[in-house]
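Chain A is already provided as a structure; the job is to place chains B, C and D on it using the hints.
Number of protein chains: 4
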Amino acid sequence: MEKIAVGVIGATGMIGQNYIKLLDSHPWFEVSYVAASPSSANKRYEDAVAGRWHMETPIPERARDLVVGDANLISQAKDKCRLVFSAVEMDKASVKELELGYAANGFAVVSNNSAHRHTDDVPMIIPEINPDHLDIIASQREKRGWDSGLIAVKSNCSIQSYMAPLYALLKAGYGIRKMILTTLQAVSGAGYPGPASIDLIDNIVPFIGGEEEKSEIEPLKILGRIENGVIVNDVSIAISAHCNRVPVIHGHTACVSLEFDGKKPELDEIAAIWRDFSGVPQELDLPFAPKQPIIVREEKDRPQPRKDRDLDKAMAVSVGRLRKCNVFDIRFAALHHNTVRGAAGGAILTAELLKARNYI
Amino acid sequence: MEKIAVGVIGATGMIGQNYIKLLDSHPWFEVSYVAASPSSANKRYEDAVAGRWHMETPIPERARDLVVGDANLISQAKDKCRLVFSAVEMDKASVKELELGYAANGFAVVSNNSAHRHTDDVPMIIPEINPDHLDIIASQREKRGWDSGLIAVKSNCSIQSYMAPLYALLKAGYGIRKMILTTLQAVSGAGYPGPASIDLIDNIVPFIGGEEEKSEIEPLKILGRIENGVIVNDVSIAISAHCNRVPVIHGHTACVSLEFDGKKPELDEIAAIWRDFSGVPQELDLPFAPKQPIIVREEKDRPQPRKDRDLDKAMAVSVGRLRKCNVFDIRFAALHHNTVRGAAGGAILTAELLKARNYI
Amino acid sequence: MEKIAVGVIGATGMIGQNYIKLLDSHPWFEVSYVAASPSSANKRYEDAVAGRWHMETPIPERARDLVVGDANLISQAKDKCRLVFSAVEMDKASVKELELGYAANGFAVVSNNSAHRHTDDVPMIIPEINPDHLDIIASQREKRGWDSGLIAVKSNCSIQSYMAPLYALLKAGYGIRKMILTTLQAVSGAGYPGPASIDLIDNIVPFIGGEEEKSEIEPLKILGRIENGVIVNDVSIAISAHCNRVPVIHGHTACVSLEFDGKKPELDEIAAIWRDFSGVPQELDLPFAPKQPIIVREEKDRPQPRKDRDLDKAMAVSVGRLRKCNVFDIRFAALHHNTVRGAAGGAILTAELLKARNYI
Amino acid sequence: MEKIAVGVIGATGMIGQNYIKLLDSHPWFEVSYVAASPSSANKRYEDAVAGRWHMETPIPERARDLVVGDANLISQAKDKCRLVFSAVEMDKASVKELELGYAANGFAVVSNNSAHRHTDDVPMIIPEINPDHLDIIASQREKRGWDSGLIAVKSNCSIQSYMAPLYALLKAGYGIRKMILTTLQAVSGAGYPGPASIDLIDNIVPFIGGEEEKSEIEPLKILGRIENGVIVNDVSIAISAHCNRVPVIHGHTACVSLEFDGKKPELDEIAAIWRDFSGVPQELDLPFAPKQPIIVREEKDRPQPRKDRDLDKAMAVSVGRLRKCNVFDIRFAALHHNTVRGAAGGAILTAELLKARNYI
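Residue numbers (this note's numbering), protein chains in the order written: chain A, 10 to 369; chain B, 10 to 369; chain C, 10 to 369; chain D, 10 to 369.
Extracted from the complex, chain A is given alone in its bound form:
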């Protein structure tokens, strides 16, 4: 199979760098175009990120010599790629317009940005949960007059650790009414430079701007249904989130208490549901799909970010400490790698799904 040429828009930022790193030697995709702000344009990629390459592995050989394009000049991407991963960091309105522009010009856009998360014909995909939301792309293209273009987005990183466990229970037939959760989030989620050392040595910060709102709203869209060409969020799960920043490099942990709606499974049934959970990415054996999307830990003190975040290509969610809740029904701790499963890796898996379903 010939590899599909892909571009990374916003390639010099931290999420962009993650794409460059994760796409290196991808079996289906090949990064053939990188773009960034005008100040980086026309430089070799290696030069453009000199002194600010933040990955733990060196810049992939292939990417070093790519000449950086101007992300705002969509025409520069023409003939260079068919799909772009958008990791741009601009104001929301500009991102919206830019991503629409790429799609209108025939590009499949898979975005990490939050700008289009609540555009009602744009699917917000977690491939194991709502792969069929891609069906809305037909309406999207029709309504907007696009032929091959499309936009799909990923959700906020903070929710990824508990969305799969939550969905697995729903899929098994257990309704969920209420969820109160507290996150302990890693600094890489804030991009570069992110929180200052002086604020996170011997300290935690009990606030992350906008994160709690996203944690409470985005799950509803992901669990929503398509009706008349838009995604309807009429799921009635009440969610309340407390989001904290902690001195961890990668890996968001969530402490979750959950109340069922109707019948209540036993703890060992829940563990079995999670262990057995599998979705379309597993069925299709997509390259970035973890074998087991949810890993259930039996140890009393797991999951832990540094020890569990990298499991199964950093694409698996780890769940542990499943026990009865004194107030709701159950409680547990969940963990995922925020810059892989929760960001670039999740978006790559979505792109693989798009490819498998012939959208690109």
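These are calculated hints, taken from the structure and not from any lab test. Treat the hints with care, as some may be off.
Note: identical chains are not told apart, hence a pair may lie in one copy or across any two.
For lysine to any residue, the following SDA-like pairs were computed, each having C-alpha atoms within a straight-line distance of at most 20 angstroms [said to hold, decoys possible]: (1) K223 / D310; (2) K187 / I246; (3) K105 / R150; (4) K152 / Y368; (5) K309 / L276; (6) K309 / P67; (7) K333 / E222; (8) K322 / I68; (9) K333 / R186; (10) K30 / D319; (11) K187 / C334; (12) K322 / D33; (13) K333 / I226; (14) K187 / F269; (15) K187 / R332; (16) K309 / R61; (17) K187 / A247; (18) K309 / M64.
Relative to the frame of chain A, chains B, C and D by itself:
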């Protein structure tokens, strides 16, 4: 006023060291006796803690030359002090017996240990909340045949940040039905050595042995009432706790969601209730009493352990991020200094209350 | 004694905030004026630093209501204070001009900025070491036509931990030929925000811009002599520095190897020289002077930043691990609090010396 | 090629776990035997390390079901393996005897323990530096009456980052007279649990027991020569080390100042020597050999532990900040992964060399 001679039993451990530090130049109490395990006995205190003094300030001058007694030999404490702070670290049964022995020998025992927390005639005191639980000492003495002896204990450190906010609301007439909370606890709460660096660099641990159980049960006793010489825990607040260890030296943070029982105050009324909250220690102007037991922070990202733990002699609780909860009624973050307010400092305040009420 | 009115120029930055904190209830000085960039001008100080007050203690009451002036408008400081502490953060040329402007307008300027450190008639003072360099102020005033104005500066924070130990040996008659040292420096030395968390969690950075050069050159001026109205740096000690940033909040540690020039003292003599070292600030009993400028630790693993930085108002230097060097003569570890002794506290001590010697 | 059966003695400790992890899917070796203290004996390996597996990756499938032997009963290893990696943690005398016992029974022993580092007929190998020290095995066997048995050891982890750079210069013909260095060492070097969190949050510790002595003595043996069946350490390089513990998980950094003996190369020549440096492991293309043993970083702020420790299977040393020294000739920073290159990985490379040279 002549100072009251006090002893510290378990003086060489971390909590014991905190007593030695905090009692230095106390206006009412003077450490005239220290005791520890037989291996430390007969050494000068300075020598006994050589290489394991963990406080940030030097060993107080006065304490250096005290000769360490054997904590098991109660007779050694005779004539040296009238009150002992118990910071012993032994198995529960031994602690129980030892503390009973000191009390039977006429000593007032104020303990940090959990052994007697659920002995039904032993008060578990947070001086701003349940000072009147000291009334049970009359029954305690009568039943056990003690004349001047007594035992009072402090609660677990994990609950101190939200107990005062909780109680202030109850006192203002607002019933509370449910509370779900997640703690981010400092390493000093685990004593020395506590968690290994390799487990808390770039990591958090979502488990602290026994801590969740204590967090769920102890509040009920503190809010209980005396009936027929025992403390009855018939308060019906359901509490569910998730306890995490984070890389912070001192200061336990709690993220709390709370549901009222009956009428629900507005957010600004709650803030006012907390700001205005005051108890017996403030009324009596006890030396270790913070002027304002609850400090309400308006900044969007406070309280934070390193920045707020030391407020008002590290005896004030800081509360912030008060906002509506999507699932319950309100949510907020609370913080206290676990080794001062939550341990030695809280016990010293209890001792001051005992003195002010003429129990010693 | 009536307090001397002082101003803090650059009062909203991190060093400026340190001045505001440390000068609170100073027995001689009273902050009666604060100035900052035009964007902060005309705000109450409390409002100007809202959301970026980085001290561990609250903003002092007195400072909250001070109206912030524009640091560039020297006339605004007139009649408000006689001495200004300069903590401005601008390009070097602008600082130079601004500080000259204040001095020309009659203000005593004590500066943390590096701009004038190598101006040959400006003394760079460590009060225990070169108090007599203040004598150059006469020439400074004469040459520049100033009446009451003056400029004195402090050195870079990185060198403060070993300068006093070094000088004590010189003063005792032991020449020093060579010194190789490695620093492990705290993040507060970099101002706010300083290093990103993501660069200092599970990491150290073996580079601090400009720090090694300053560490190698500034000691020579401090140890220099006045000749013909300028300070001559003809001391011939060769110094080589490796400067590292480590995840510590406050406290710079230096590992020093040192070769004597000529006779070589025994280790116990050196310890005695350091313990007995005392300077003009101690003689004059200045408010910020530590009783013992150099504290010698006997424990095998001290000094340590978190445990020793606060000794004696955070103005004492701690030295430990004195032992033979396999290559030079001796080696040791030294520590000081970089934002107190090494920055604002050191400058306040210099101002006290200026006052004691009637320069203000 | 059929794989060689190897054993890991001391397999449940942290270094032992590293062997189990690193040897998983090794092309030449297969772990067929594990042994530990009597308390772990007869358990499945997975059970023996339950709750104390400290690697970031799961226990390799193959190792889980191995039954742990008693390390003291050498007969249990018979017929199970030909080579044992010794990672035992006992008193020095016991280790010495035990390792001699294994060798006497025909096993090739490659040890991480320091017990035999200064036994004069035991080679201390860094495969890129002194592979020919293996020649002493002939005398070792003859003198001790062993047929197939042998002992080879690795050096202390602290010295690995600068030994290759040092040796590369010697090999290029530049003599070295003096070296003063300061290390910033990771906590994993101390085994488990190692330093307490409370000692390394917002702190560094300027002392590691025994480490400075090892850093100063071991290089001399590694650079020594074989004469009359013993290794003679008559190299005359004076080394002085300051060893510090810093809050880093893996990766020891060294700041080195170095004086040449005789002619002095230019900086760019030194960089070229390091870049071009290659040894026997590279020549033989051993599985664990890094392609480039010394990686020279040009960035001003590298190497850094978290970013560079994993380069080339964590077996390469990274060197940066090469510059003139004000006191000696040059200075630089060097880094290596202490538990891979500096411990288990280095020993595996030595075992590969033993195999390639037909000692096993």
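Indices of hints not satisfied (ascending): none
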